[in-house]
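Enquirer: Taking the hints into account, I'd like the entire structure generated from these sequences.
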Amino acid sequence: MLLEAVYHRPKLNWCYAYDGRTIHLRIRTKRNDVTAVSALAGDKYIWDQSKAYVPMTIMVSDELFDYWECEIVPEYRRLKYGFLLESGKEKYWMTEYDFLKQPPENPDRLFEYPFINPADVFKTPAWVKDAVFYQIFPERFANGDPENDPKGTQPWGGAPERDNFFGGDLQGVIDHIDHLTNLGVNAIYFTPIFTATTNHKYDTEDYMHIDPQFGDIDTLKKLVKVCHERGIRVLLDAVFNHSGRTFAPFVDLQKNGENSRYKDWFYIREYPIAVKDGIPTYDTFAFEPLMPKLNTDNPEVKEYLLKAAAYWIEEADIDGWRLDVANEVDHEFWREFRRVVKKAKPDAYILGEIWHESSPWLMGDQFDAVMNYPFTNAVLDFFVDGTRDARSFANALSKQLANYPRQVNEVAFNLLDSHDTARLLTKCEGNKDKMKLAAQFQFTYSGTPCIYYGDEIGMTGGHDPDCRKCMEWDTSKQDLELFSFYQELIALRLKYSALRTGKITFLSAEAGSGSLVYTREDEENLFIILMNNSETPAEISTSVQVNRLENVHTEEAVNLKGGKLAVKLPAYGCVMYRAIQ
1 MLLEAVYHRP KLNWCYAYDG RTIHLRIRTK RNDVTAVSAL AGDKYIWDQS KAYVPMTIMV
61 SDELFDYWEC EIVPEYRRLK YGFLLESGKE KYWMTEYDFL KQPPENPDRL FEYPFINPAD
121 VFKTPAWVKD AVFYQIFPER FANGDPENDP KGTQPWGGAP ERDNFFGGDL QGVIDHIDHL
181 TNLGVNAIYF TPIFTATTNH KYDTEDYMHI DPQFGDIDTL KKLVKVCHER GIRVLLDAVF
241 NHSGRTFAPF VDLQKNGENS RYKDWFYIRE YPIAVKDGIP TYDTFAFEPL MPKLNTDNPE
301 VKEYLLKAAA YWIEEADIDG WRLDVANEVD HEFWREFRRV VKKAKPDAYI LGEIWHESSP
361 WLMGDQFDAV MNYPFTNAVL DFFVDGTRDA RSFANALSKQ LANYPRQVNE VAFNLLDSHD
421 TARLLTKCEG NKDKMKLAAQ FQFTYSGTPC IYYGDEIGMT GGHDPDCRKC MEWDTSKQDL
481 ELFSFYQELI ALRLKYSALR TGKITFLSAE AGSGSLVYTR EDEENLFIIL MNNSETPAEI
541 STSVQVNRLE NVHTEEAVNL KGGKLAVKLP AYGCVMYRAI Q
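Following our numbering, the numbering of the sequence shown begins with 1 at its first residue and continues without gaps.
If you are wondering where the hints come from, they were derived from the structure by calculation, not from laboratory data. Being a predicted model, the structure only gives us computed values, none of them experimental. Note that CB positions come from ideal geometry on N, CA and C, so glycine has one too. Hints are supplied without guarantee of correctness; some may be wrong.
Claimed, not checked - Computed beta-carbon distance windows for the label pairs:
hint, residue 1, residue 2, range
1, I217, H176, 45 to 51 Å
2, P103, K11, 22 to 28 Å
3, V73, R9, 53 to 59 Å
Said to hold, decoys possible - Only pairs whose alpha carbons sit at most 25 Å apart, straight line, appear in this in silico SDA-like list of lysine to any residue:
hint, residue 1, residue 2
4, K123, K345
5, K399, L84
6, K342, N295
7, K225, L494
8, K30, N13
9, K469, R162
10, K432, K342
11, K263, A248
12, K222, L183
13, K30, S87
14, K51, D108
15, K30, D62
16, K343, M208
17, K44, E69
18, K101, T35
19, K123, S497
20, K302, P289
21, K561, Q545
22, K222, I177
23, K307, T197
24, K342, N327
25, K255, R245
26, K263, Y304
27, K561, F506
Expert: Listed below in structure tokens is the structure:
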């Protein structure tokens, strides 16, 4: 037994309260090295009467490790625990201090979860587990009110550029709400809608007003009301890392320099502020001089931004915030932000834009979730670019699942493209079957999936600004077959909870292979999903613990002999079965 590979900590993703009564324990061992793991657990005050061995199972595995997990409901909400590791006849008891060859005589040196205090339990919004998001770039979705078009607005459908306008607005979303309802989505994520100079609005001028080219607060209230009547939640984009050059405090700083009363709202390295050799003398987003970084440790800045965070929830009834460049803002600001937002609406969704492993922000005191780019990258690597094989793909996702508590994985924001990336169909070089396969995995995986506007009708586009084309509303130019595909996929996900929050198990993911077999399972249903991520047809077989299946698309029943399932799939083909009695 390789004890050097064994790892556990009594916190974070290794030991946490899933709800007010339940504790999840995890431990890591070298892959295929340990044959059994049990948690030795009990109450420290009545150890001899309460101690018991709780079997653990392998939650997931990656290229190096197995991750074991168990669930314990301690009667008095506190837990002392250690682990029994077995490999054949070899046994070790793991305490907080040592590996022992004999059971510990008392609980003094075991790990501890002191008490499940309700205030410490990481609660994520329940509705997000059942959400299917649709991302809208407002300036390019629909022009519902030509009266508010900015000067120089171009005819709808022209070539997108970084600085041109086509008149998209909030009324346009209201006018086309039937499109979203027919598609089946039940949540919208809007990129920024507050006053700014650009078409993307990430250079905020006024955090307390809707940009006039999009409408006003009454338009937003009307939009949110219409969405809520249709069962659609609304997520707005907050840019609290930086402002725009026309933000009044920054205008004052430009005018008055070191004498500006707002100088401490920003990070100034040298006066007068300027750009030298392409580098501003003040901190910015990237090195963009038009986006000065805000000092969120400044009490006045904090008060202003937190007021805006609460205002739009209280006034317009929005359902949460997506937070731009979230990892460059201090943690203490986000802790206060969470308290303010959750007070205004306890089930508001707080989503941070972070492109990497994000545990420091996902400990229950800051965000509910982050934009899940590690998921995005793994899916694109395997299904689109072919730079991963099935085993590497499964390992990457398994490692990610092990990194976070279950409640975080259940509300992770899973996207395949956005306003910041090339569109999915373009990444697939126009291969619609490849695109569909990637989307089928997205919609049958843990977390909430998001569709970038227009993907459902076959829109294409390279990197910014090409990915920000005007939405195509001419049905003769829409891919209606693709729309129907997304409709069915969304309906299937919303119908079965196992596809949203069920356990995922990779049954087959071999090195050098493009074949993938996995299950999603909860107390109600078991799904077996087989995928051929290859440009040639393939026969895929696997062993399952059921005797009768139903093809979820054709409703055709399949009887198995000896638990063996074998199917022939076309290039980039997928079949999904549901176990039946």
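Enquirer: For each hint given before, does the structure comply? Return the numbers of the non-compliant ones in rising order.
Expert: Of the numbered hints given earlier, those the structure breaks are 1, 3 and 10, listed in rising order.
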